[in-house]
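K.L.:
Generate the whole structure from the sequences, applying the supplied hints.
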Amino acid sequence: MTPDNPTPVTDAELHAWVDGQLLPEFVPVVSDWLLQHPDAAARVQAWQAQRLGLQALQRGVLDEPVPLALARATRPRRSRPWLQGLVASLMLGLGFAGGWWLRPVDTPLAGAGEPGFVQEARVAHAVYVPEKRHAVEVGAQEQAHLVQWLSRRLGTPLKAPLLEDQGFGLMGGRLLPGQAGEPRALFMYENPAAGRITLHVSVLPGDAAPAPAAFRFARVGQTDTFYWVEGSLGYALSGDLPRERLAQLAEAVYRQLQQPG
Amino acid sequence: MGPEGALTHIPRLRRYARLLTGDASRADDLVQDTLERACHKWSLWRPREDGSGLRGWLLSLMHNLYLNQVRDQVHERQAVELDEGNEPSHDPFLHTPERLDLEQALRQLSPALREVVLLVCVEELPYAEAAQVLGVPVGTVMSRLSRGREQLRHLMDGGAPVQTRTHRLKIVK
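Going line by line, the protein sequences match chains A and B. Taking our numbering, I'd label the letters of the first sequence as residues 1 to 261. Taking our numbering, I'd label the letters of the second sequence as residues 1 to 173.
Because the hints were derived from the structure by calculation, they are not lab data. Some clues are possibly wrong.
Distance windows between CB atoms, simulated [what the hints assert, rightly or not]:
no.: 1; chain 1: A; residue 1: 156; chain 2: B; residue 2: 25; range: 20 to 26 Å
no.: 2; chain 1: B; residue 1: 25; chain 2: A; residue 2: 179; range: 43 to 49 Å
no.: 3; chain 1: A; residue 1: 258; chain 2: B; residue 2: 139; range: 31 to 37 Å
no.: 4; chain 1: A; residue 1: 132; chain 2: B; residue 2: 107; range: 51 to 57 Å
Taking beta-carbon pairs under 7 Å as the criterion, some of the chain A residues facing chain B (in silico) [said to hold, decoys possible]:
no.: 5; residue: 10
no.: 6; residue: 11
no.: 7; residue: 12
no.: 8; residue: 53
no.: 9; residue: 54
no.: 10; residue: 57
no.: 11; residue: 58
no.: 12; residue: 61
no.: 13; residue: 68
no.: 14; residue: 70
no.: 15; residue: 73
no.: 16; residue: 119
no.: 17; residue: 176
no.: 18; residue: 215
no.: 19; residue: 219
Just a few of them, taken from the derived set where beta-carbon distance is under 8 Å, the chain A residues facing chain B [what the hints assert, rightly or not]:
no.: 20; residue: 45
no.: 21; residue: 47
no.: 22; residue: 74
no.: 23; residue: 190
no.: 24; residue: 216
Backbone N, C-alpha and C define an ideal beta-carbon position, used for all residues, glycine too.
P.N.:
Structure, rendered in structure tokens:
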């Protein structure tokens with residue numbers, strides 16, 4: 001088929017038309033051809049209905065929390081303890097020999113430790129979540145102002161994800177100092193039964209070589225923190241919730257942040 | 001990115017596996033095996049420059065695991081037939097209802113056709129990517145897609161599967 005000579009429309013082109021995989025210039029050609037070939041049009045219509053029907057099947061699974069066993073399966077198995085001991089002593093030997101121990105420990109996103117912003121997020125969560133009257137500086141009723149203000153202070157456009165679907169209402173947010181005095185944003189959400197969660201946003205230094213998004217968990221005391229890096233921003237979602245529930249919320253946050261606009 | 005990058009893909013993998021196997025717990029087992037294999041083979045994954053392509057790689061790992069399962073099942077089924085003869089109650093095709101809903105119809109497709117239909121319609125992969133996941137030429141994807149769609153249409157209209165069924169193992173005593 002060519003745009004000038006549309007007569008033989010192939011089966012493959014009909015499928016591509018249904019799947020939105022046809023080159024844009026051929027779409028009207030096939031559409032016109034279908035108008036003149038009702039048998040083919042009926043077949044194609046059935047395929048379209050099938051496609052929509054299939055997409056609707058088991059949709060609920062997408063919103064289910066990820067079972068812990070599956071989330072755990074994304075973490076490589078730990079090596080055997082004796083091997084770890086061996087590695088540790090080797091590292092120690094190398095470290096002392098090479099002056100490795102003099103290097104700063106807070107290298108952002110260094111493989112072993114967690115990034116500094118996670119620690120900050122945990123502290124902010126612990127400090128502000130119990131606060132009754134002053135949990136947030138700017139309330140959700142001034143949402144546009146809140147987002148604008150925090151975006152300006154962090155020097156990058158931010159978004160306050162909405163978690164109403166997940167049962168968590170936005171309470172508002174505040175500006176916080178980071179470890180070196182850099183501005184950080186904190187959004188707080190509340191569910192009447194489950195309590196409060198916080199989303200902490202940090203702008204990472206340019207030389208931190210941001211990796212593509214990868215979720216990681218950290219748990220200290222009752223608080224689980226789910227953190228990831230997207231572009232130059234580090235996000236940490238903290239809550240005193242079952243980990244699966246928090247993972248589900250983090251997934252919702254992540255998805256909203258991915259959406260343009 | 002480490003294997004934790006697979007975390008965001010889990011919900012979609014679960015849905016895909018559920019439609020593929022038609023069974024929730026078998027599906028989650030398949031997802032778990034896939035993730036474990038991904039961790040094991042992580043160093044073999046070559047991300048594209050924009051970091052994408054992980055989903056395709058996970059789907060191709062799942063495809064290989066699923067293929068092995070299907071092969072094992074065929075062996076088991078043959079063993080059962082050898083034990084129980086041609087007892088009609090064991091023929092899964094015998095009681096085909098007059099009209100099937102879409103999910104039932106999907107289950108009647110052969111695994112190879114079902115995979116292509118799901119990758120294209122539900123996972124919305126470009127044909128070339130679906131071909132990569134399955135390790136077959138694009139032409140094969142197109143012909144399987146065509147057969148899969150026609151069989152689904154037929155099944156939902158109340159017909160029997162169009163395919164000529166593979167002949168079952170005959171017992172020679």
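K.L.:
Hint by hint, say whether it matches the structure.
P.N.:
Okay, the hints, checked on the actual structure:
A hinted range of 20 to 26 Å for the beta carbons of residue 156/A and residue 25/B is inconsistent with their spacing of about 44 Å. Distance hint check for residue 25/B and residue 179/A: the Cβ-Cβ separation is about 46 Å, which falls inside the suggested range of 43 to 49 Å. Between residue 258/A and residue 139/B the Cβ separation comes to about 34 Å, which falls inside the hinted range of 31 to 37 Å. A hinted range of 51 to 57 Å holds for the C-beta pair residue 132/A and residue 107/B, which are about 55 Å apart.
Here the hint on residue 10/A is broken, as its CB sits about 9 Å from the closest CB of chain B, past 7 Å. The interface hint given for residue 11/A is met, as the beta carbon of that residue sits about 6 Å from the closest beta carbon of chain B, less than 7 Å. Restraint check, residue 12/A versus chain B: the minimum CB separation of about 5 Å is within 7 Å; hint holds. A least Cβ separation of about 5 Å between residue 53/A and chain B falls short of the 7 Å threshold, and the interface hint therefore holds.
For residue 54/A, the suggested interface contact is upheld, since its CB lies about 5 Å from the closest CB of chain B, less than 7 Å. Residue-level restraint check for residue 57/A holds (minimum Cβ-Cβ distance to chain B is 6 Å; threshold 7 Å). With its C-beta approaching chain B no nearer than about 5 Å, residue 58/A sits inside the 7 Å limit, and its interface hint holds. Hint status for residue 61/A: holds, given a least beta-carbon distance of 4 Å to chain B, under 7 Å.
The criterion of a C-beta within 7 Å of any C-beta in chain B is not met by residue 68/A, whose closest approach is roughly 11 Å, and the hint is violated. Hint status for residue 70/A: holds, given a least beta-carbon distance of 5 Å to chain B, under 7 Å. The beta carbon of residue 73/A comes within 4 Å of a beta carbon in chain B, closer than 7 Å, and the hint placing it at the interface holds. The beta carbon of residue 119/A is not positioned within 7 Å of any beta carbon in chain B (closest approach about 19 Å), and the interface hint is therefore violated.
Contact between residue 176/A and chain B, as hinted, is not supported at the beta carbon level, the nearest pair being about 26 Å apart and thus beyond 7 Å. Evaluation of the residue 215/A hint against chain B yields a held restraint, the C-beta minimum of about 4 Å falling below 7 Å. Below 7 Å, beta-carbon pairs count as interface contacts, and residue 219/A has none with chain B, the closest being about 15 Å; its hint is therefore violated. Here the hint on residue 45/A is broken, as its CB sits about 10 Å from the closest CB of chain B, past 8 Å.
The interface hint given for residue 47/A holds, since its Cβ lies 5 Å from the closest Cβ of chain B, which is under the 8 Å cut-off. Interface hint at residue 74/A: satisfied, since its Cβ lies 5 Å from the closest Cβ of chain B, which is below the 8 Å cut-off. Checking residue 190/A against chain B: minimum C-beta separation of about 25 Å lies over 8 Å; hint violated. The criterion of a C-beta within 8 Å of any C-beta in chain B is met by residue 216/A, whose closest approach is roughly 6 Å, and the hint holds.
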